[in-house]
Amino acid sequence: MNAHLSLKTRLLAWIWRHTLTCKEVTRLVSQSLDQPLTPGQRLRLRLHFLLCVWCQRYARHLKFIHRVGPRYAKEIENVGPHSLSIEAKRRIKRALQSRSDG
Amino acid sequence: MDTDLAIRLAVEPDNGTRPLTPSEDKHFVTGTLSDPEAWVDEYGDYLFRYALVKLRDEARAEDMVQETLLAALTANAGFAGKSSPKSWLIGILKNKIADYYRKASRETSFTDHDFFADEQNERFVQEGLFKDAWIHELGPVDWQPNPGAELDKAEFWKAFHECAGKLPGPVHRAFLSREIEEVSTEEICALLNITPNNLWVMLHRARMALRRCLEGNWFERAGGKV
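Protein sequences, first through last, are from chains A and B. Everything in the first sequence is counted per my numbering, starting at 1 for the first residue and increasing by one. Everything in the second sequence is counted per my numbering, starting at 103 for the first residue and increasing by one.
Just so you know, these hints were derived from the structure itself, not from any lab. It should be emphasised that the depicted structure is a prediction, and the values quoted were computed from it without experimental measurement. Possibly wrong hints are sitting among the right ones.
Claimed, not checked - Think about it this way: if two alpha-carbon atoms lie no more than 30 Å apart in a straight line, the pair counts; the simulated DSBU-like pairs of lysine-lysine are:
#1 A:8 <-> B:260
#2 B:198 <-> B:255
#3 A:93 <-> B:233
#4 B:196 <-> B:260
#5 B:268 <-> B:205
#6 B:233 <-> A:74
#7 A:23 <-> B:198
#8 A:89 <-> B:233
#9 A:23 <-> A:63
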């Protein structure tokens, strides 16, 4: 049924059927950041990476995010506000006032 | 007024079950905690920053500060100089944040959220021999030349912040706890009251969405496109 496909495509298709799909790889790559993979899982990932530059990049990107994440905790101080806004302070004071007035 | 009540309240801190009436209240406010409005100026920013680090959401952090101070007002007798006002207030804030997490994890059934229905399916081949492979044009691009060099740019963190902010509530919390605060998966499961399997799905989708957002909003714009 695939007679019209080139040999190369058919070879790739054969390999494809025996490896993980890209979608499965994305799940496994994420999982690898939270727990050790089994040797079998690692091997299947490696084999897939041999064929697929997109998943290689995906794994690189996820590792990058995983690696730089902790720094975000420090950087947020520069990104976000350091203190309550005047309006927020006013609002909270009003809330406290009305509560303590009963 | 009656000292018995004062002693009872000091021994059994009011846990918020019954607000003090104003007349009772006057008897128990002492020292730095006597003027609730001054708390806002004195401790507001400190509490806000703490809440912001935990919640990463300004509006929510403001609400938490307000709730904390209101609870402090109600439970003022419980303070009774046992600790510094600061650590007493942080203690209340921590409880409020934990309550918020518990409540949010009960209220949001994340499994039926659109976010989870969509595994960026449009980026994968839908059918045929190569079903579930990346569509090449839509697959991940090379983040060149060196993504590590971006880390010193404030704009990068702004993009990161915006992208992380787009994650839906529970996913956002799971992602921050795991990737930013480096909490163990077991602890996050306990905190959010979810199974390990749920957590893995959440983290997978969060990372996938954040990767895509960073690629679209930062790396391609920064000239990293292949």
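Going through the hints against the structure:
no. : hint            : verdict
1   : A:8 <-> B:260   : violated, 45 Å
2   : B:198 <-> B:255 : violated, 34 Å
3   : A:93 <-> B:233  : violated, 59 Å
4   : B:196 <-> B:260 : holds, 27 Å
5   : B:268 <-> B:205 : holds, 20 Å
6   : B:233 <-> A:74  : violated, 41 Å
7   : A:23 <-> B:198  : violated, 39 Å
8   : A:89 <-> B:233  : violated, 55 Å
9   : A:23 <-> A:63   : holds, 17 Å
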